[in-house]
Amino acid sequence: MACDLWREKLDLYADGELPAPDAASLATHLRECSVCAAEALNRVQTKRALAIAGKRYQAPASLREKVRQSVSAPLPRQRRWAWSIPAVPALLVLILSLGVGFYVQRETARRQRVYSEVADLHVATLASASPVDVVSTDRHTVKPWFEGKIPFSFNLPELQGTDFTLVGGRVTYLGQMPGAQLIYRLRKHEISVFILQDRGDEDRVLPSGPLSTFSFTVESWTKNDLRYFVVGDVGPQDIQSLSKLLRDAA
Amino acid sequence: MQDRHLPAATFEELALPLFDQLYNFARWLTQDATEAEDLVQETYTKALRGFSGFQLGTNFRAWMFCILRNTFLTSRTGLKSADPDDTDMDSMPSPQPTPEAFLIQQADRAAVQQALERLPVPFREILLLCEVEEMSYEEIAEVLGIPIGTVMSRLYRARRALRAQLLEKFKGASHGV
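These protein sequence lines are chains X and S, in that order.
Under the working numbering, residues 1 to 250 are what the first sequence spells out, in order.
Under the working numbering, residues 1001 to 1177 are what the second sequence spells out, in order.
Hints are computed from structural coordinates only; laboratory data are not their basis.
C-beta: ideal position from N, C-alpha, C; glycine also.
One should not assume that every hint holds.
Claimed, not checked - What the simulated footprint calls covered on chain S by chain X, stretch by stretch (three residues with Cβ under 8 Å from a Cβ of chain X suffice, anywhere in the stretch; the number is not a length): (1) 1015–1026; (2) 1034–1044; (3) 1070–1077; (4) 1129–1142; (5) 1148–1161.
What the hints assert, rightly or not - Derived DSS-like pairs: lysine-lysine, alpha-carbon spacing no greater than 27 Å straight-line: (6) S:LYS1046 to X:LYS55; (7) X:LYS47 to S:LYS1046; (8) X:LYS55 to S:LYS1080; (9) X:LYS55 to S:LYS1171; (10) X:LYS47 to S:LYS1171; (11) S:LYS1046 to X:LYS66.
Construct the complete structure from the given sequences, taking the supplied hints into account.
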């Protein structure tokens, strides 16, 4: 290629705008042609001189500050709230889930607290020298024994034809309330049944249903203003069948 | 595409680093300190207002320079500067085929600045964008709102005009003027 054709490309070359294959060929030519090389050098020098000379003016600090403030100034109210429109449902969901989560967590904690108290009482009773104050397998003996000792009465189920046997009963206190504690036996396992007056206040409203905790199974319900707890180291099925017997009898 | 718009905090982050460049460019265009200040401030105000229309993925710097230039062109000083593609810039004195390396070496910084000052705005601005801002032809085309082919031809003529200015000054200096 003739030199004058290369010359036309020198500006593009110096500006870095010549496509790579052309730039490579031109670079080869520049190594061979001193005239074109001098021209190229001249372009680069001009560019450099302009770059230096062009960076001339320094803005006053006051202007920089003015601009900075105008740019970081809060946007009009309308704009600022625009983002929040899609965010509102998300926020509601967040609040709700937090609230529900908190409620569930609080309920679970309360349930755990009450149930562990019941389980403690059950263990303490079994560990004592005299677990029961009235020793009888006969519900017709046990039930009258509680009369005058607790401010309510209750019915106990007939255990004929079941694996459960009644061991006896004692007066107990749960949450500063007097109640009846009945001990049942199932295949060498003891099960406690607590019967208390249901105060009906929020604290006593416990979600019913079985709950396995500390290797004990606990079930609780209310019926006829009485609160029942069934706790023992047997499986949920056994607790449930005893619970059913108690519920049916009440 | 509402959600493609950048939040306000991002405008600040993008625009403030360009402050020095924009001021320098504004001062070159206006040739006046006060006018340059007003121009820069107006540019930032306009850009912030129009930022919601700025599309992500396009060149933010080119966009800012474009706003500044358009603002300048509608100002009193700017209206006096003519479009070189409408006027015959080729009528400017053409330099003799003097070895240019020699010319540039003779020309100190102040001389180049003076030569640049004397160039018509369209030549001055394209040289500043290309050499000082080191913009690509594509960016320059975006700022000036012209096709890339026009960028190349105008740049060519701007360089030739600058050389002519420098040559004139050099000749004058050599004659002891």
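Each hint tested on the structure:
no. : hint                 : verdict
1   : 1015–1026            : holds (count 6)
2   : 1034–1044            : holds (count 5)
3   : 1070–1077            : violated (count 0)
4   : 1129–1142            : holds (count 6)
5   : 1148–1161            : holds (count 4)
6   : S:LYS1046 to X:LYS55 : 25 Å, holds
7   : X:LYS47 to S:LYS1046 : 32 Å, violated
8   : X:LYS55 to S:LYS1080 : 24 Å, holds
9   : X:LYS55 to S:LYS1171 : 26 Å, holds
10  : X:LYS47 to S:LYS1171 : 21 Å, holds
11  : S:LYS1046 to X:LYS66 : 15 Å, holds
Of the hints listed earlier, those the structure fails to meet are numbers 3, 7, in rising order.
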